[in-house]
Amino acid sequence: GLEPQTRKLFEVCRLNGLPVFTFVNKLDRPSLEPLEILDQIEQEFNLPTYAVNWPIGSGDQFRGVFHRPMREVHLFDKTGAAGRAKGAIANVLKFDDPRLREILPEDVMSLLEEEVELLDELGGELDLQAVRDGQLTPVFFGCVRSAASLLLPSRSFHLAPRRLFLLLPRG
Numbered sequence: 001g002l003e004p005q006t007r008k009l010f011e012v013c014r015l016n017g018l019p020v021f022t023f024v025n026k027l028d029r030p031s032l033e034p035l036e037i038l039d040q041i042e043q044e045f046n047l048p049t050y051a052v053n054w055p056i057g058s059g060d061q062f063r064g065v066f067h068r069p070m071r072e073v074h075l076f077d078k079t080g081a082a083g084r085a086k087g088a089i090a091n092v093l094k095f096d097d098p099r100l101r102e103i104l105p106e107d108v109m110s111l112l113e114e115e116v117e118l119l120d121e122l123g124g125e126l127d128l129q130a131v132r133d134g135q136l137t138p139v140f141f142g143c144v145r146s147a148a149s150l151l152l153p154s155r156s157f158h159l160a161p162r163r164l165f166l167l168l169p170r171g
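Under UniProt numbering, the sequence shown has 72 at position 72, and the numbering climbs by one with no breaks.
The hints are simulated quantities; they were obtained by calculation from the structure and are not laboratory data.
Take these hints with a grain of salt, some might be off.
Derived Cβ-Cβ restraints for the label pairs, each shown as a range [to be verified]:
| no. | residue 1 | residue 2 | range |
| --- | --- | --- | --- |
| 1 | L15 | E125 | 22 to 32 Å |
| 2 | D60 | D39 | 20 to 30 Å |
| 3 | V12 | E113 | 35 to 45 Å |
| 4 | E102 | D60 | 12 to 22 Å |
| 5 | P98 | E44 | 32 to 42 Å |
| 6 | P105 | P48 | 30 to 40 Å |
| 7 | P98 | L15 | 42 to 52 Å |
Glycine included, every Cβ here is placed at the ideal spot set by N, Cα and C.
Using the sequences plus the hints, can you model the full thing?
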C-alpha cells in the first residue's frame, strides 16, 4: 500500500506542478493486486493513473511485465535466489507471439490475457501533456532487484528535464 513518505511526495509534487512517475516495487513478493494499487492512487490523490506496463504474475509467480505501448512481454530471468527475478531480461516477445503460450504457465497466460483485455477496454490513453502537467501519473510495475524493471520507465519517456520516480512497495 501507500506509505506515509509516498503520500508526502505526491502532495509536494502536486503542489509544485511536477510530473509524478509511479514505480510499484516488490512484485516478487505477495501483495495487493495491481488494480487495487491503481485504485488507491486514484482515490487518495484524485490523480488518474495509466499503467504503462503490467505485471505478469506476482510473488514467486512473478515472470516479468507486459509493456502496453509496445505490446511486448518482457520476461525476466528466474535464476536468482529463491527463484526470484535475477535481473536480466531473458526474453522479449510480442504479446501475440505463439511462443508465449509455451513459456508461461497456462493459468498465468490466461490471467494476463484477461487483464490486458480489461486494460485495453478501460485503461484510457496515455496523455503526455497531462503527465507533464501533473494531472496523470504513468505507473510502472516491477522489482528493483531486477534491474531490467528499471529500464522500461527510463526508456518510456522523454519529458522535461525534471523527472521524479516514486517507489511504491507492494503490500
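Check your understanding: Which of the listed hints are not met by the structure?
Key -> none
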